[in-house]
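Colleague: Protein chains in written order, with the working numbering: chain A, 39 to 137; chain B, 39 to 137; chain C, 39 to 137; chain D, 39 to 137; chain E, 39 to 137.
It is possible that part of the hints are untrue.
Because identical chains cannot be distinguished in the list, a pair is counted as satisfied if it fits within a single copy or across any two copies.
Claimed, not checked - Once the Cα atoms are required to be at most 30 Å apart in a straight line, the calculated DSSO-like pairs of lysine-lysine come out as: (1) K61 x K73; (2) K61 x K126; (3) K105 x K128; (4) K73 x K58.
To be clear, the hints were calculated from the coordinates, so they are not data collected in a lab. Computed from a predicted structure; not experimentally measured.
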Amino acid sequence: MELGRIEGTVVSTAKVDRLKGYKLLLVNLINPDMKATSNYVVAVDTVGAGKGEVVIVVRGSSARQAKTLQHVPTDTSIVAIVDSIELKGKIVFDKAAGE
Amino acid sequence: MELGRIEGTVVSTAKVDRLKGYKLLLVNLINPDMKATSNYVVAVDTVGAGKGEVVIVVRGSSARQAKTLQHVPTDTSIVAIVDSIELKGKIVFDKAAGE
Amino acid sequence: MELGRIEGTVVSTAKVDRLKGYKLLLVNLINPDMKATSNYVVAVDTVGAGKGEVVIVVRGSSARQAKTLQHVPTDTSIVAIVDSIELKGKIVFDKAAGE
Amino acid sequence: MELGRIEGTVVSTAKVDRLKGYKLLLVNLINPDMKATSNYVVAVDTVGAGKGEVVIVVRGSSARQAKTLQHVPTDTSIVAIVDSIELKGKIVFDKAAGE
Amino acid sequence: MELGRIEGTVVSTAKVDRLKGYKLLLVNLINPDMKATSNYVVAVDTVGAGKGEVVIVVRGSSARQAKTLQHVPTDTSIVAIVDSIELKGKIVFDKAAGE
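Excised from the complex, chain A in its bound form (with noise of 0.2 Å):
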């Protein structure tokens, strides 16, 4: 999986079916040090997640296999809210703390 930060939305009406009732979000691919790539994908939110959020991001089939998603066209989902992240020894980021 892949950290990500919830920078944006995209908006269809003319999409296949199964995609649709689902929130598609523009999430900004990061380092774990919190810096941004110029990596960006658009994703299935799963988790209820927010504009500004570190998430997890899953790709390929396995992005299905949230329970709802089994048969969503989509290879892009969040499944997770990131609350702290540790990186050699130090806490890089803390939602609580605000970072």
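Start from chain A and add chains B, C, D and E according to the hints.
Modeller: What follows is chains B, C, D and E alone, placed relative to chain A:
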């Protein structure tokens, strides 16, 4: 998923039976700020997308989850036409406004 | 899917049983403007493609969806021979015209 | 599969049900000469790997083939702790020797 | 699929049950002109490949399609030992000739 813009078509008569009847579009992958990347993919269209439209592209086995594509040998499908994109609080794309 | 040009063959006698009988072709991935990239893949041919032909390559589990390949351990298959490519309103490739 | 070194942990309470109970580790992908790359992945641990250990990481649908992970939405799993690595006739890593 | 050369082995005792009994080889991915790239993968051997041999590597779920690997958590398998490679009309690799 990824954002892309439809820039062309690929015509083929000698192809696998299961691909027959599907339109193959050339999609230029774009960044959320609407800038084109140098990457192109050939995608099966499932939503009637037209030239110049901004779309969402799905890859891998999920590309076969749009209902009619279950056994079609495609790894890239267009599953949505984008109406608008919001990035960091700004509307960066609005189809109705002619962008 | 991706565009490629057939540039060679790979011969192997010691291979997994399920791969036996399939022709393995060296495909140079190309951009839609017909320029070669530095990337090559080894692909199973399903459409009788020949040297120099421009083809469509499918990756991943979808490479096994061409009917006869269901349990073949291939992650890259040639599923179509390209007749013509139109990019931004121009015909950039036309097989009949000798390009 | 790829080689990596465990460098941290990711904590999340708001996550997909099927991910609950699994430890999420930050893995820095490394080259066979043991040099760190700039790439990190978030992986589900299946073998009790600890900080600093060199492990083997599996991606994609295969990441769910470790027995207990069949319906877990993970695309990256740690499936082995490395004892030693031999590259071009030299032992480049030996856990018992403290490397 | 991709071409590679076997350059080493990875030994692990603490691994997922389903991986037990399989030999894990370090494969250096190579270009069709036989030049090494900087990329290495850890692959399950299914054809008895030895040090220095040029092989074909399969990725993703297809890596489990070699008959005995159906539920093995591998995303990279060696499925063929290469005898010869022809690129643009020239034999660029011939195992029998000592290359």
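Colleague: Run every hint past the structure and note whether it holds.
Modeller: Results of checking the hints against the structure:
In the homo-oligomer, the alpha carbons of K61 and K73 lie at most 30 Å apart both inside one protomer (25 Å) and across protomers (23 Å), since each shortest distance falls under that limit. Proximity of K61 to K126 under the C-alpha cut-off of 30 Å is restricted to the inter-copy arrangement: shortest distance 16 Å between copies versus 35 Å within a copy. Neither within a single protomer nor between protomers do K105 and K128 lie at most 30 Å apart by alpha-carbon distance, with minima of 34 Å and 33 Å respectively. For a Cα distance limit of 30 Å, the shortest separation of K73 from K58 across copies, 27 Å, qualifies, whereas the shortest one inside one copy, 33 Å, does not.
Going down the numbered hints, you'll see the structure goes against just number 3.
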